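So you can see what is in the structure, the chains are spelled out below.
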Amino acid sequence: MPAFTITPVEKGILRCHHTGPFSHEDVRPLAGFLHDYRGKLLIDLRGSRIEEFARNIREFQPMMPTTAIFGAKIDPVLLKIPESYYTHEVCFFETEEEALTWLRNQ
Amino acid sequence: METQMETQFAMNTFVKETGGYVASQLEACTRCGICAEACHFYQATSNPEFAPVWKIELLKRAYEQRFTLTGKAKLALGIDKPITDADLHHFSKIVYEACTMCNKCSMVCPMGIQLGPLIHEVRTAFSEACVVPDDLMAAVNKQVKEGSPLGVTDDVYADRMEWVADEWEVELPMDVKGADTLVVFSSIEVMKFPENIAAIAKILHAAGEKWTLSQKGREVVNFGFYEGSPERTKLFISRVFDAAKELGVKKIVVTECGHAYDALRWTSYNIMDVPEGIEITHIVGLIGEYVRSGKIKLKEGAYNNGTLTFHDACKIQRRGGHIQEPREILNIIALESFKEMTPNREESICCGGGGGVIAIKEADPIRYAAFELKIDQMMKVGAKMVVMGCSNCRLQFTDCVQHFNLDVKVAGLSQMVADALEE
Chain F
1 MPAFTITPVE
11 KGILRCHHTG
21 PFSHEDVRPL
31 AGFLHDYRGK
41 LLIDLRGSRI
51 EEFARNIREF
61 QPMMPTTAIF
71 GAKIDPVLLK
81 IPESYYTHEV
91 CFFETEEEAL
101 TWLRNQ
Chain L
1001 METQMETQFA
1011 MNTFVKETGG
1021 YVASQLEACT
1031 RCGICAEACH
1041 FYQATSNPEF
1051 APVWKIELLK
1061 RAYEQRFTLT
1071 GKAKLALGID
1081 KPITDADLHH
1091 FSKIVYEACT
1101 MCNKCSMVCP
1111 MGIQLGPLIH
1121 EVRTAFSEAC
1131 VVPDDLMAAV
1141 NKQVKEGSPL
1151 GVTDDVYADR
1161 MEWVADEWEV
1171 ELPMDVKGAD
1181 TLVVFSSIEV
1191 MKFPENIAAI
1201 AKILHAAGEK
1211 WTLSQKGREV
1221 VNFGFYEGSP
1231 ERTKLFISRV
1241 FDAAKELGVK
1251 KIVVTECGHA
1261 YDALRWTSYN
1271 IMDVPEGIEI
1281 THIVGLIGEY
1291 VRSGKIKLKE
1301 GAYNNGTLTF
1311 HDACKIQRRG
1321 GHIQEPREIL
1331 NIIALESFKE
1341 MTPNREESIC
1351 CGGGGGVIAI
1361 KEADPIRYAA
1371 FELKIDQMMK
1381 VGAKMVVMGC
1391 SNCRLQFTDC
1401 VQHFNLDVKV
1411 AGLSQMVADA
1421 LEE
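Protein chains in written order, with this note's numbering: chain F, 1 to 106; chain L, 1001 to 1423.
Chain L extracted, bound-state conformation:
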């Protein structure tokens, strides 16, 4: 009986989500398969099940069997099979472990189908049916209970911030009412890359920004978004919005995290009331603005030694459009050493660790396989250093550079900017 319940929950969600927009997207697909060639997991493994169009197969089948005459007839005649619990479990592995929601597939679709958001709808149905990988759900539950998927509780956050302030000798303003800008870090930065906190603080102070951190709105990562649960996505976003409203800020700056930026900047508008008059931006965009306006000055050629390349993060560059800013910055601080990988900008290949994939142990083999595409790209330009503006990508690069024993340094853009600030 329990297994039938799973399918029922998933089917209800599929049906609930299938409005005119989703139906038109599903009807528009010609099964041309071009999306497969855009998917890094398909490219790396040639597994046809990793083709983006296959990842929405259950949504398509549910739509046809519930809403189309042909689908109903095929089901009645036994030509098509009804969706089963076994299908849910099988596809759960595919949509959570072999998809980073990078949305490159949507860019190449000749019919303009938004495959990424459709795959997200499938994740939503799986979330309702409770067929989400255990590792991912463990992180989600931790974020519900402790406020952070990486265990950054109130105490850990306060302790960590005090350590960074002491050892990097930076001021980290906390809960300052009347500040213009609320800066929200990801727990990956707090735990794994604490010098990013110091670097961003240094940049903000140099630019004369009136900013603050918030104890309450301390976590920008959103594992509810990875899971596909609108309720939990909303819960985690609301912690940040509530903090922003209480502090009366005009701007929220998402630091080096891509999916958090998507959740806060765009997804929020589709699932909840977003506080009016608060701009949401990404640290890469903000630093770019500081450089363009002359609020900060950077040392020319500070990183001119050894070839350096830039990894475009899916949610910051492709989705967020912050494509020029990092290039303008690197063309100042690394004019002679900066080389582009191919493809780049909005056509960049995902690192393979986004969308919650890096948190799922069972996904490690395909995560590493997908990263081999990045290795090829880096090797072709002879990169000795790779820079990015997303700490989740940075975690994936750091882990994979170790896994493949590569002689490549991995760096965050903010940290490089902070180290290249003119006094």
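For reference, chain F alone in the conformation it holds in the complex:
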């Protein structure tokens, strides 16, 4: 079973739903997807366990487009990377509605 699925939410926003532990076969295509994707991202962590995504969400963050994350408690330290001209905003929200509202306004 893949670690994530990608489905459209609406024009310009895709949902990346985390569905299980990451393998190498998941990480490499996800890196490729993040390089090629031009829109905004909604990361859905509902049903995920933190140990399954913590490392990868931290490592992928510098590569993410404007992104809203919701669905699981995340230590804010995980999302803290050095601010720089190449980064996009990545924010955590309690609910999907909050996340989408923010994303639509970006």
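Be aware that one or more of the hints could be misleading.
Straight line, CA to CA, 20 Å or less: simulated EDC-like cross-link-like pairs of lysine to aspartate or glutamate [stated by the list, open to error]:
{"#": "1", "chain 1": "L", "residue 1": "LYS1297", "chain 2": "L", "residue 2": "GLU1209"}
{"#": "2", "chain 1": "F", "residue 1": "LYS80", "chain 2": "L", "residue 2": "ASP1180"}
{"#": "3", "chain 1": "F", "residue 1": "LYS11", "chain 2": "L", "residue 2": "ASP1407"}
{"#": "4", "chain 1": "L", "residue 1": "LYS1216", "chain 2": "L", "residue 2": "ASP1180"}
{"#": "5", "chain 1": "F", "residue 1": "LYS80", "chain 2": "L", "residue 2": "ASP1155"}
Honestly, the hints are just simulated from the structure, not real lab data. Remember, predicted model here, so these are calculated numbers, not experimental data.
Put chain L on the given structure of chain F with help from the hints.
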């Protein structure tokens, strides 16, 4: 009083830099304006202030007013105005935000004036006068304090390398004494394009290279060079040279970064003692050498689907001369799909993001305007993919492709080579 100090610092630097060589270059200019047509910022905006010759106006004025009789007389009679702080601030925007130091202007100058290096002298004076854009200085200060303008500290670097090694299943040798080659990545690759690290590791292993990374010499980007500060340029280069000396390597390989290659390969010789017996090369040149010598074999036609083009990076192709290598590679892996943009090779148009411009938020409108020239070039060949050997260019392309909503894939050359390696 504070503002007078700025001008004084800049003037002192202008005067200090104006030796016979600079004077002869300034005297040789006939104000023909051909350099303007070569500048992508001028081409994109038609703003006469973006003409390269105008970017050295303050250096020229300082030279004339200090060293020529006519200049002194004009100043005394009030025909010419003395340089003011307002001038410094005005020109700071022009030389940092509307110049990528691509040096194409020097190529077209009929008098052979090296405009790029002269504009760099202006940046040096502005650095002394502390009139550098805030965003650029923030990155410079970060590199001074943390070792990297993008915040790649010791811990971030170690963590990132471990992740790449684990997930891409590659060996990343660290601080191996006795290795032949030290490979130094740019923090753009470390943070934004980590698969480049895995790709280059795969290529080096396939070629049988005895190589190493260095925790100490982990950053090849040089924001001191963008700023125009010889001291900070030297400081950042010395971190790499010190690591190379400690490890006893014979070669330093600069990965996909253009300005870093210029700083390390050429500028270093003008500002500091360069360790003897260490060759400095660029990954594009090294891969080309591997292919020519048969150390690596590439799958023919691996990228034959969809038109693909190559963007020549100013510091790697025009300055560095690695023009043939990428073409030889693409003529193997993308024989049927590779099409050249026009102009190309040493006459290529800059992406618009180099020289620190991409780091300055206020420069975004003209950076995007300059990129429209690249869009025209890509559209004319119907490119579905654009390849390059510079991660700073790649960052600019990636950002602009999103900004203009273009259906073009942006790729690094090393990654394509790694994916096309014959097992």
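Cross-check of the supplied hints:
1. Among the hinted pairs, LYS1297/L with GLU1209/L is consistent with the structure: their alpha-carbon atoms are about 15 Å apart, no more than 20 Å.
2. With a CA separation close to 37 Å, the supplied pair LYS80/F and ASP1180/L exceeds the 20 Å bound.
3. A hinted pair counts as satisfied when its Cα atoms are at most 20 Å apart, and LYS11/F with ASP1407/L qualifies at roughly 16 Å.
4. Restraint check for LYS1216/L and ASP1180/L: satisfied, since their Cα atoms lie roughly 17 Å apart, inside the 20 Å limit.
5. With a C-alpha separation of about 14 Å, the suggested pair LYS80/F and ASP1155/L falls inside the 20 Å cut-off, and the hint holds.
Comparing the model with each earlier hint shows a violation of hint 2 alone; every other hint is respected.
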